[in-house]
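Q: Single-letter residue listing:
2 protein chains.
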Amino acid sequence: MTHFEITATDGAARAGVLRTAHGDVPTPAFMPVGTKATVKGLHPDRLRAMGASIVLGNTYHLFFRPGVDVIEELGGLHRFMGWDGPILTDSGGFQVFSLRHTLDVDDDGVTFRSVYDGDPARFTPELAADVQRRLGSDVAMCLDLCPPAGAPRADVGLAVERTAAWARRQLAAPRAEGQLVFGIAQGGIDPELRRRSIGEIASLGFDGHALGGLSVGEDRDAMLDTVAWAAPLLPAERPRYFMGIGDPLGILDVVERGIDIFDCVLPTRLGRTATALTWEGRLNLKNARFRRDARPLDEECGCLACDRFSRAYLRHLVTQQELLGLILLSEHNVRFLLDLTAGARSAIERGEFGRYRSGVLERLGAEAAAGQEVT
Amino acid sequence: MTHFEITATDGAARAGVLRTAHGDVPTPAFMPVGTKATVKGLHPDRLRAMGASIVLGNTYHLFFRPGVDVIEELGGLHRFMGWDGPILTDSGGFQVFSLRHTLDVDDDGVTFRSVYDGDPARFTPELAADVQRRLGSDVAMCLDLCPPAGAPRADVGLAVERTAAWARRQLAAPRAEGQLVFGIAQGGIDPELRRRSIGEIASLGFDGHALGGLSVGEDRDAMLDTVAWAAPLLPAERPRYFMGIGDPLGILDVVERGIDIFDCVLPTRLGRTATALTWEGRLNLKNARFRRDARPLDEECGCLACDRFSRAYLRHLVTQQELLGLILLSEHNVRFLLDLTAGARSAIERGEFGRYRSGVLERLGAEAAAGQEVT
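Chains as they are written, first to last, in my numbering: chain A, 589 to 963; chain B, 589 to 963.
By construction, these hints were calculated from the structure, which means they are not laboratory data.
Worth double-checking, as some hints may not be accurate.
[Claimed, not checked] Covered stretches of chain B (in silico footprint by chain A; criterion: 3 or more residues with CB under 8 Å from a CB of chain A, positions within the stretch not fixed):
#1 656–662
#2 668–674
#3 760–773
#4 903–911
A quick note: this is a predicted structure, and the numbers were derived from the prediction, not measured.
Using N, Cα and C, we set each Cβ at its ideal position, and we do this for glycine too.
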């Protein structure tokens, strides 16, 4: 039995199931981000109750705190964080480059300063494989080189080259039992480089493939155009992962273009800044207009926030910086994206994804769909 | 049927049931403190699941934020905060005096600066009654005058006098349907003043009585001596409330002396500062010795923290300032005190309170019992 099965398609959009050592992941799947072995503010049982089927853990952060030796000794990442469902771990590559403490990149690996204590550290493909093996994640990601948007073409080209060489090395390294390994294609929005990277990575036989180096600051239309032609170049019979998208419209945009899995810190980050994702668009709960608003955030939502509490109460909590406000808004936002994604999956199965997407856009309104705050 | 029934006694210690408009409260009862209409970090369903039967709300804070008009319009405090069990509201007196922005006290009431915006505000017994009526709490407390420990005897005497006059006025004011009203005796640790205050307050026919003005900085032995002789002077057929005690030994000390209800912010405050109450004493989870500790906080505890997570994971969360760490430690600490209190109740019913108390002291060790951190 293959680890990935497509159960329905609708245009380029796909519905399927990713089978992992810790359970099945219905796709399209939104992965809540548990950077430091916790999805901020949410107990694992809440994630499960809300319908999350997989969470993301962060190799970079866990490597430094608490240290992979600690997690390994305590029985692996699942046991450590109390989540027995599937976990995907990123490789740390994105943090190494985005945290901007890179000291040196060479053919062998990358040297950088830890964001925790400033000490020099070094990541190689072999280390990325070994750390993720010891964490015991269900899906390990390759260490890639991720240049920022607007990087010189020569830099992007070198990143493509090294990413492929590193992918070969990581694929040859030992993995945890049952662990899947995904390759990552780079190349920014440069058609030739992106195409070359996909060709190289796709030829190596990974269990799945990611489009990396997008959603890193480039023009959105250019990004979506790239996804539109690049995603179909990734092997159709393997899952496709778009790294780092979490606004409602963006999720539908990449699903429409053939992406199966995606992740983003957006819902919990918005939750911690008093903002709720709703069918009316984003609501800033600090706004005085909610002071006496007896309605839930969203009439149709069944999350712990909407189930019982008024906007007025949530506003009170966030203006008073009460922990429960952050918890409830984080829960609501994660649930909103999980529900949105489940709706997309169901629409694909019915062959009505286009109608679903239009309906969402109409409900959200153009401004809200583009991620604008409506209050 | 009376609202308070004593079901067992053991020495001066009592087990009973306080009946309120929103349900029964088995006593002795520890009340988690929901200052601003939320027990910090804990969803009401968690409080219920942990065995909390009553929570405390804070008139002072709710009066200013979000305002009693908002809470009233949204259906009262129970509905506002999503807790359908009993709620006791303090009168705001303690905050008016302890927040130290008092401008003037006269026979009619107290003028002070709001801690929120510095604007002058005024509380009177009639206002305290009216606010608590509109909040719709199950138990309303009288506005009292609470001098700090070490206040001149003349000040304590005047506080006793005004507290009695205010109690008469508040008792005459309208209350919410089914609302119980408790009087508060002042007098510090001065035998004559305390005795006089108890005599005056107890003569007025309140539904319950509190010892206020203790645990405000005075010597602990003097405080306990006062409780020992003062509690029995409060009407035996009415519940007795000790305001502001929450360390394990302190709880057992006041229960032993005939107190039925008590409250404290300690468990959630400790939780937010990475400290756990356990049968080994207080554990500071930031301590490096927990880095690889696979044990739960407490082997016998069934809370969400102990159910699944290791001390090593909790240490990781608190050192990384993760929300989930604060939530789990707050839950554990509240549960610890609820369990301790439930154990005391059960021991009183068996006539074994003395043995229970000794057992707790022995397990906790003298240092731990006295509230010292053991790590």
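Q: In terms of beta carbon proximity below 8 Å, does the region 668–674 of chain B have 3 or more residues touching chain A?
A: holds (count 3)
Q: Please check whether the region 656–662 of chain B has three or more residues whose CB lies within less than 8 Å of a CB on chain A.
A: holds (count 3)
Q: Holds or violated: the region 903–911 of chain B covered by chain A, criterion of 3 or more residues with Cβ-Cβ distance under 8 Å?
A: Since three or more residues must qualify, the claim that chain A covers the region 903–911 of chain B holds, with 7 doing so at under 8 Å.
Q: Counting residues of the region 760–773 of chain B with a beta carbon closer than 8 Å to any beta carbon of chain A, are there 3 or more?
A: The restraint on the region 760–773 of chain B is violated, since only 0 of its residues have a Cβ under 8 Å from chain A and three are required.
Hint compliance for this structure: hint 3 alone is broken.
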